[in-house]
Amino acid sequence: MGLLLIISAISMGVLGAGLAVFLAFADKKFQVQEDPRIEAMLGLLPGSNCGGCGYPGCRMLAEKLVSGEAPQNACVAGGMETVAKIAEMLGVEAAEHKRMLAVVLCKGGYAESERRATYRGEATCTAANLTGGDKSCTYGCLGYGECVDACKFDAMAMNSNGLPVVFYDRCVGCGACARACPRDIIEMHPEDHRLFVYCRSRDRGAHAKKVCGVACIACSLCVKDCSVQGGITIKDNLAVVNYSLAPQNDESTRRCPTGCILSGMEEQVTKKNFYASLPRQAG
Amino acid sequence: MKLILIFISASLINNFVLTYFLGICPFLGVSNKTENALNMGLATTFVMTLTAAATWPIYTYLLVKFNVPFLEYVAFIIVIAALVQFVEMYIRKSSPTLYRALGIYLPLITTNCAVLGLALFMVLREYNYIESIIFGFATGVGFTMAILMMSGIREELEFADVPRHFQGISITLIIAGMMALAFMGFAGLIRG
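Read top to bottom, the protein sequences are chains W and B. Number 283 marks the last residue of the first sequence (the working numbering); no jumps. Number 192 marks the last residue of the second sequence (the working numbering); no jumps.
Possibly wrong hints are sitting among the right ones.
[Claimed, not checked] In silico DSS-like links for lysine-lysine, alpha-carbon gap of 30 Å or less:
hint	chain 1	residue 1	chain 2	residue 2
1	B	K33	W	K152
2	W	K272	W	K98
3	B	K33	W	K64
4	B	K93	W	K28
[What the hints assert, rightly or not] Calculated Cβ distances over 10 Å to all of chain W for the following chain B residues:
hint	residue
5	C25
6	P107
7	T172
8	I174
[Stated by the list, open to error] Restraint-style ranges between C-beta atoms, simulated for each label pair:
hint	chain 1	residue 1	chain 2	residue 2	range
9	B	A160	W	I234	40 to 46 Å
10	B	F66	W	K29	29 to 35 Å
11	W	F25	B	Q167	45 to 51 Å
Derived by calculation from the structure, the hints in this document are not laboratory data. Even glycine gets a Cβ: it sits at the ideal position worked out from N, Cα and C.
Model the full structure from these sequences, guided by the hints.
Structural data, given as structure tokens:
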């Protein structure tokens, strides 16, 4: 028994040691020279591979950052903190980094919009968009949640009204949802933008109003109410905010008959209060 | 003749994934895209063949000779882990493109029960060296086949209207079960 134990210990020990030596040698022989800064840079990045920077994956961005091809504020997902760390590592001044947010510019959910047909095809926005979708409004949200699927940060969800919601506290501004939306309803805006026209309909006012209760009908009341001349204009039957001019909190939203132009809505939705507002599910 | 028999038996009739339910974790985890599934399958085939080639001498010339065959689990696990590590190093040096494609899958194979199962079956069935290597390769081919078919079905499934409660992993498991059922048909291929 004692002998068996010794043989076992020795044979396994020798096998293990032999393989360890072999691997150590192999490691030396097959060593790949790599800039150690790339690995360190990768540690600073969020590692979510969201593609918001325009490079395929965080590793690629790390390489480009080290070689100086990418600007140091290229990473959108990490926020100011990451940008500061990257700048420190590269030994440059931190460039200004504005937090970007995704904004869903449609409020016409099941309750507000009229349906003209029943869609029975593949349940994705891209497919539904080929047929024009089931809503009478051909500019509005299709409601199949491709943007939610595209979000890698758990910052979006579909609400009970069939519209996507962006969680203000979770959105990092990578823009994946905006790229996923076949109707370009989602736009990326800096955090300090407050005033949005939550409608993309370029239909004439009467038709827009007929098919959706919260459509922009191009009545131009907001244009008149805006305290700065030219801050809001009407283009293609749709109010357009000129962000370099329009004050973000003023009277311009007050008289909107459909309530599609709103100010300061975005920061109200956080992940916590979105799920708290849902009716509790059985089971 | 025996070699062909071993090949067909290991890849089709006794397919590791669909008959023995070994290696289910990558089978379900890495089968959402055909491209990934193929890479995973090829990497596994490669490692399985090497495993068979490396563990057979260790079992025969070390464990049996020193009369400690009960250490096979420990020895095989060490050898497989070291082997995968080595293959990873080698690929990283020789082909960075392949390394990037396989990168995450190689370490996954280390702890794949199909690879350990292969080494244990090989010993249990008393194959000789050539037979072992063929067995290892055939097992890998069987695994690749299963995971490729699974990924093909799952890609089609993306566009299917799956009932809400079956979505995700539950429909995947149902499909795995159906595939296992289909593979039972191969059992009649070789008598005895």
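Hints and how they fare:
| no. | hint | in the structure |
| --- | --- | --- |
| 1 | K33(B) - K152(W) | holds, 18 Å |
| 2 | K272(W) - K98(W) | holds, 24 Å |
| 3 | K33(B) - K64(W) | holds, 28 Å |
| 4 | K93(B) - K28(W) | holds, 11 Å |
| 5 | C25 | holds, 22 Å |
| 6 | P107 | holds, 14 Å |
| 7 | T172 | holds, 17 Å |
| 8 | I174 | holds, 20 Å |
| 9 | A160(B) - I234(W): 40 to 46 Å | holds, 44 Å |
| 10 | F66(B) - K29(W): 29 to 35 Å | holds, 30 Å |
| 11 | F25(W) - Q167(B): 45 to 51 Å | holds, 50 Å |
Hint compliance for this structure: no hint is broken.
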